Amino acid sequence: MNLLHFFMENREQILELSLEHLWLVGISTLIAVLIGIPLGILSARWPVWNRPVLGTANIIQTIPSLALFGFLLPVPWIGERADRLAILALTLYALLPVIRNTYTGIRGVDPAVIEAGRGMGLTGRQLLLQVELPLALSVILSGIRVAVVISVGLATIAAAIGAGGLGEFIFRGLAMVNNQLILAGAIPAAILALSADFGLGWLEKRMRPR
Amino acid sequence: MERIPQAAPVIEFRNVAYALPNGKPLLAELNLQVESGETLVLLGRSGSGKTTTLKLINRLLAPSAGEVRVNGTASAQTDVIRLRRSIGYVIQDVGLFPHFTVERNIELVPRIEGWSAERIHRRVEELLQLVGLEPKIAERYPHQLSGGQRQRVGVARALAADPAILLMDEPFGALDALTRDELQREFLSLKRRLNKTVVFVTHDLREALRLGSRIALMEAGRLVAVLPPEEFVRSGDGLVAAYVQAFADGCELVANRGSV
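Residue numbers (this note's numbering), protein chains in the order written: chain A, 298 to 507; chain B, 3 to 262.
If you're looking for bench data, these hints aren't it; they were derived computationally from the structure. For clarity, every value in this text was computed on a predicted model and none was experimentally measured. Backbone N, C-alpha and C define an ideal beta-carbon position, used for all residues, glycine too. Any given hint could be a false lead.
Stated by the list, open to error - Facing chain B, according to a computed beta carbon distance under 7 Å, are these residues of chain A, among others: (1) Gly418; (2) Leu425; (3) Val428; (4) Leu432.
Pulled out of the complex, with its shape left as it was, chain B reads as follows:
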């Protein structure tokens, strides 16, 4: 059930392959379109090529074959620094600059882009509120924050220069279940308020079903299927079904334990 995109895709993979410098292939024949305003979840086990796919979008990696187009232009033809500044990037380890306060972390790109001090200040306040942090946290250093707070700052930093695209690489993977749940809920409300195009990497089916408008399942460097969540759970495709089954078994186990 291919959906026909109404407008030009924001991100497009055309026959993309990626191999390591030593020749080991990580991705092959990847064709994928991400539409404006959707949350596309890249789902798959470790080593399936999800993160590689994500890094091809902001050109932290360059494809060995084929092309990646962002906003209609092949990313090989755009200034890579400009490209990256127009795309927000959030990773599991957050990667906050430990020597900067929360405020400096968030304002780094706007500052480099030459925003006025006043505009930057307003933006930081606005972003902290947006991700549910108190203004007083702006003066703190990353090591003084909890894991959940750190990831919120990571999201605020990625949104600082108001990019239209947001790439998230297992952003909630290292958090405890309750904090993860909280951040997923906030992600959804954030998503409703800001019309961003999001590509979200996870190996957690529950997270994928909850957050994704479409789920792209990857396995061994290939795209298996791209389906909306409701079709994903009912799909007859062997690999998709296996993924769903493994997840369902986990839930059943919990349910059975509960009843004993």
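Bound conformation, chain A alone:
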């Protein structure tokens, strides 16, 4: 009951930090999608791009998050504000699942369908927009879903550089050895991750071609 009491008392701050958290995740996912889908298309269409693009995204993924925040600190405009820094870092992490799933989704389209489309005289652009992307959509969405779930977790670390979000409770709780504070950050973060997972999963299922 203690915990519930604590939640009720601090509900405004919890809500505020949750929204901040959501904003960090939302904006970085959006940027990752805007960059990642074209890169995925590029590497699916021209295999020469496949290794450099996916390789780079892979390497980024292996950098520990705290270290990445540190690396980005000296970057001119980015390093000036903690939230910019956090958004950039989260974007970089979200790129790999988006690029990889775009690539896999497009490559996974039935070759007979592609051949029929080309044989009918569809241009490359028509084939991409009317056939390949619609058929790859559910796979791309599942990549975005993975990116969002990872980002919700990672964004808690953004508090370490003062970018806000639910991580603030967690770090404060760790410093003060206060479990209620830690849970005040961890529980809403878990709820955010689960609902994003559920919502995007539902969307993905609806978009799945039969």
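Model the placement of chain B on the given structure of chain A, informed by the hints.
What follows is chain B alone, placed relative to chain A:
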């Protein structure tokens, strides 16, 4: 017994060769003419170059040497998108767009070509009737159709923009014997009604004899003979005779089993 074509050929291969990017040759010295309104069957075993030959016509492949002429123009000199839209293309795996209804599948090219909605609608109805499908099927998705229905839709889609040439790559190969028989019969009646020039790929001699006005036998990337069906079965050419013999043996086997 070369037949002298009366009019300019619709499709013409002049000394065409095709090799894979890694240099492996698939076709050599191909000279072939397809006349207006005929059904030319490309017959041969797997890997003989039939499909390669077909794909050279709509330029899904480009020849490494020689030229392919369609309607008197070298295909290398025509806009490849225009060329493909003027040629219907049907493949064994059909390749219907799974996210589109039957109607959207059929109307894709007319829609891209900017036909009016009303004209498109009429055309879809007309085509469904032509290939023997009920109008209500227009709203269905490909996964809700049987194999035979799917291939009928494939044919309707290929005919949508009324191309003068139709390329068919083993279109009935994946169907059961009864459905295949039915579709072959319908192909013949369709062929009589619409005066299309058809190039038809198959490895089935029975199908070739039934549908072809001429049969072109291919072996290891070369053209062995081009003969009308009645001459094909009597030909003295070794490879042609071997093909016919293998087929006849199959029939005999069936006949013998029946008599025991």
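- Which of the numbered hints above does this structure break? 2
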